[in-house]
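Kindly generate the complete structure, drawing on both the sequences and the hints.
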Amino acid sequence: MFINLTARNIDITEALKSYIESKIKRLERYVDSNAEAQLVLSVEKYRHSAEINLVGKRINIHSREESPDMYLSLDKVIEKVERQLRKRKERIRALKAKQRAKEANYRLQIIARTTPINEGNPPGNSEIIKSQRFAIKPMSVEEAVMQIDLLGNEFLVFNNSRTDKVNVLYKKRDGNLGLIEPEYEADLD
Numbered sequence: 080m081f082i083n084l085t086a087r088n089i090d091i092t093e094a095l096k097s098y099i100e101s102k103i104k105r106l107e108r109y110v111d112s113n114a115e116a117q118l119v120l121s122v123e124k125y126r127h128s129a130e131i132n133l134v135g136k137r138i139n140i141h142s143r144e145e146s147p148d149m150y151l152s153l154d155k156v157i158e159k160v161e162r163q164l165r166k167r168k169e170r171i172r173a174l175k176a177k178q179r180a181k182e183a184n185y186r187l188q189i190i191a192r193t194t195p196i197n198e199g200n201p202p203g204n205s206e207i208i209k210s211q212r213f214a215i216k217p218m219s220v221e222e223a224v225m226q227i228d229l230l231g232n233e234f235l236v237f238n239n240s241r242t243d244k245v246n247v248l249y250k251k252r253d254g255n256l257g258l259i260e261p262e263y264e265a266d267l268d
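Per the working numbering, the sequence shown starts with residue 80, numbered consecutively.
Just so you know, not all the hints are guaranteed correct.
What the hints assert, rightly or not - Derived pair list, reagent style DSBU-like, types lysine-lysine, alpha-carbon separation capped at 35 angstroms:
| # | residue 1 | residue 2 |
| --- | --- | --- |
| 1 | Lys166 | Lys244 |
| 2 | Lys136 | Lys155 |
| 3 | Lys155 | Lys175 |
| 4 | Lys175 | Lys124 |
| 5 | Lys177 | Lys96 |
| 6 | Lys96 | Lys159 |
| 7 | Lys159 | Lys177 |
| 8 | Lys136 | Lys102 |
| 9 | Lys216 | Lys155 |
Said to hold, decoys possible - Ranges of calculated distance between the beta carbons of each label pair, as one might list FRET restraints:
| # | residue 1 | residue 2 | range |
| --- | --- | --- | --- |
| 10 | Pro217 | Ser101 | 41 to 47 angstroms |
| 11 | Pro217 | Glu115 | 32 to 38 angstroms |
| 12 | Pro217 | Arg105 | 36 to 42 angstroms |
| 13 | Ser112 | Lys216 | 51 to 57 angstroms |
| 14 | Lys175 | Glu100 | 28 to 34 angstroms |
These are computed hints drawn from the structure, not numbers from a lab.
Glycine included, C-beta positions come from ideal geometry on N, C-alpha and C.
Next comes the structure, spelled out in structure tokens:
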């Protein structure tokens with residue numbers, strides 16, 4: 080992380096500089112290595128203020144703290160920024176978990192019979208010849224109809240945005256479309 084340090088009415092000692100670097104190192108676990116921390120330290124009579132602007136990939140955090148001691152101001156401002164970064168990281172983690180749950184991967188399996196259908200196949204005489212994984216995207220039924228026409232597929236598995244359930248849209252032999260909407264046991268009660 081690149082640190083840009085500006086001092087107003089204060090001399091930056093080596094001890095203060097190393098203290099700042101050690102405190103800013105705590106923030107590096109939350110941001111990428113290309114992030115930049117702009118730190119402004121200023122003294123006005125008995126007010127010691129520390130202001131930080133942290134800029135990185137998809138992040139821009141600003142914080143300012145004042146106290147009678149510069150080290151205390153630094154501690155407060157770094158703690159405040161670290162709290163904001165931790166909160167942001169938890170929000171992103173929760174959002175990703177929610178998206179993973181919504182876009183659950185389902186398996187599409189195409190089954191081929193080892194003998195022609197009209198020869199009276201005994202059940203269980205099929206083998207899986209192709210298996211494919213794909214993400215189910217949330218969309219409305221109207222969007223699914225457009226997708227199936229656009230892609231030219233025989234069927235489309237999607238997450239119905241209105242009901243938040245997995246649906247299957249398929250082409251019938253007569254050219255019309257059919258929609259399979261599952262009813263779970265909880266829905267039937």
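Right, here's what the structure says about each hint:
1. Lys166 <-> Lys244: Holds - the C-alpha atoms of Lys244 and Lys166 are around 30 angstroms apart, at most 35 angstroms.
2. Lys136 <-> Lys155: Given pair Lys136, Lys155 holds - Cα atoms ~24 angstroms apart, limit 35 angstroms.
3. Lys155 <-> Lys175: holds, 30 angstroms
4. Lys175 <-> Lys124: violated, 48 angstroms
5. Lys177 <-> Lys96: Cα-Cα ~42 angstroms, so violated.
6. Lys96 <-> Lys159: It holds: about 20 angstroms lies between the C-alpha atoms, which stays within 35 angstroms.
7. Lys159 <-> Lys177: Holds. Lys159 to Lys177 sits at ~27 angstroms (cutoff 35 angstroms).
8. Lys136 <-> Lys102: holds, 21 angstroms
9. Lys216 <-> Lys155: Distance of about 44 angstroms is beyond 35 angstroms: violated.
10. Pro217 <-> Ser101: 41 to 47 angstroms: holds, 46 angstroms
11. Pro217 <-> Glu115: 32 to 38 angstroms: holds, 37 angstroms
12. Pro217 <-> Arg105: 36 to 42 angstroms: holds, 38 angstroms
13. Ser112 <-> Lys216: 51 to 57 angstroms: The hinted range 51 to 57 angstroms is violated for Ser112 and Lys216, with Cβ atoms some 33 angstroms apart.
14. Lys175 <-> Glu100: 28 to 34 angstroms: holds, 32 angstroms
When each numbered hint is compared with the structure, violations occur for hints 4, 5, 9 and 13.
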